[in-house]
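So the sequence lines, in the order shown, correspond to chains W and V.
According to the working numbering, the residues represented by the first sequence are 1 to 205, in order.
According to the working numbering, the residues represented by the second sequence are 1001 to 1162, in order.
Keep in mind the hints are simulated off the structure, nothing from the lab.
Be aware that a few hints might be false.
To be verified - Keeping only pairs whose Cα atoms sit at most 16 Å apart, straight-line, the calculated EDC-like set for lysine to aspartate or glutamate is:
#, chain 1, residue 1, chain 2, residue 2
1, W, Lys127, W, Asp80
2, V, Lys1040, W, Asp182
3, V, Lys1097, V, Asp1129
4, V, Lys1097, V, Glu1121
5, V, Lys1040, V, Glu1076
6, W, Lys127, W, Glu155
7, V, Lys1040, V, Asp1093
8, V, Lys1040, W, Asp186
9, W, Lys22, V, Asp1129
What the hints assert, rightly or not - What the simulated footprint calls covered on chain V by chain W, stretch by stretch (three residues with Cβ under 8 Å from a Cβ of chain W suffice, anywhere in the stretch; the number is not a length):
#, region
10, 1044-1053
11, 1114-1120
All residues carry an ideal CB built from backbone N, CA and C; glycine is no exception.
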Amino acid sequence: MWFARSTTALWRLHPATNTITKWTLPISSVSIGSRQPFDPSGRVWLKYSGGVAALNPSTSYLTYWAAPSGTWQGPFAHTDGNVWFAVQYSGVDSIARLNPSTNQVTEWPCRAGCDVLGTVRVDSSDKVWFTEDGGTFIGYVGKLDPAASPPQFTEWPLPCSDVYTTACGLGEDSDPRGLVFDTNGDIWLYFADTPTYYRVARLTP
Amino acid sequence: MWKEMYKLCMPRGGWLVVALAFVVAAGVATPLVAQAATVKVWNLGARVTDLGLGPSDEVWTMTGGAPRRLIPATNEVTTYSHPLAGTGVLAVDGAGKVWSPDSFSPPTTYVMSRLDPTTLEVTSWPTGDTGAAPPSLSTRRETCGSPGAPQPSGGSTRPPTP
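Taking the hints into account, I'd like the entire structure generated from these sequences.
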């Protein structure tokens, strides 16, 4: 079990041996930004206040990448070694991929007005899934196919209340979170804003 | 219920912080395609603050400060009384056990707890730390490096790039 605090510490608990390892990191606002933070080399990927970072627990070496602009959210460590994350800007947000071997970051801007939240997942066919806050409008689950020519975004609207409407009522916002795949490939979500925050949903794309 | 025996496995070696430059490739403007989808919604009756799936696709939520399990096929919902799940986040491991952090006081002690939904046993490990509860967690099956193992002889995870 790995866990992080919103300060500078990362922990690993090994329940079989009752062993706890704590790393105090030279970066701040550390969190495990994804339920899949482990890359093929065994590094743990983290989000911090300035970008993303990777800790090698065997050596305690920490490598971090600073975001030149925007706020990096995620990160999701793909089995191919690349790391995916969402980039939040004051303008158009984007989905981005970091190749840690070359330090190259590639960004795919979302549509105008999209508001990408911090959850990013990559499925078994290398499609990148994310959630979008709706503000006072409905939220979305989004999918990026980076290999398509041209690369293509697809969005699925989510209800802010019991009925689908373009604009939610006052104070309503579906604000979808979670984004977990089940064994059928369906997507599970919960909602972080009123009045939907009593609810979980299963999206069958 | 409590396992208060634990030891700290200290990190080996020192920090090697490698600050790296990188290249931002050209962005790609893309079209938007909206598609219809099937959305099924369950109302769990209290505020949901986190969600995870168990090994049999059972849906675990932290709902109203307690772990709650939804079986989608039957709509069965089970809420577990859990004294140490106060931070509203959870993770489900490969054995179907549900992890959640909390702080316990007095004195304020930081704990990580594991619920076995089959036996209802809650096992908690104090972390030896105090303060605010952790906001994020993840599970992985692995072993801890043995304390006192030889330190790495140096080197870098990769060469710094100007």
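Verification of the supplied hints:
1. W:Lys127 to W:Asp80: Since the Cα atoms of Lys127 of chain W and Asp80 of chain W sit roughly 13 Å apart, the hinted pair holds (cutoff 16 Å).
2. V:Lys1040 to W:Asp182: It holds: about 14 Å lies between the C-alpha atoms, which stays within 16 Å.
3. V:Lys1097 to V:Asp1129: violated (23 Å)
4. V:Lys1097 to V:Glu1121: With Cα atoms ~10 Å apart, Lys1097 of chain V and Glu1121 of chain V stay inside 16 Å; holds.
5. V:Lys1040 to V:Glu1076: holds (15 Å)
6. W:Lys127 to W:Glu155: holds (13 Å)
7. V:Lys1040 to V:Asp1093: violated (25 Å)
8. V:Lys1040 to W:Asp186: This hinted pair holds, its Cα atoms lying about 11 Å apart.
9. W:Lys22 to V:Asp1129: At roughly 10 Å apart (the allowed maximum being 16 Å), Asp1129 of chain V and Lys22 of chain W satisfy the hint.
10. 1044-1053: holds (count 10)
11. 1114-1120: violated (count 1)
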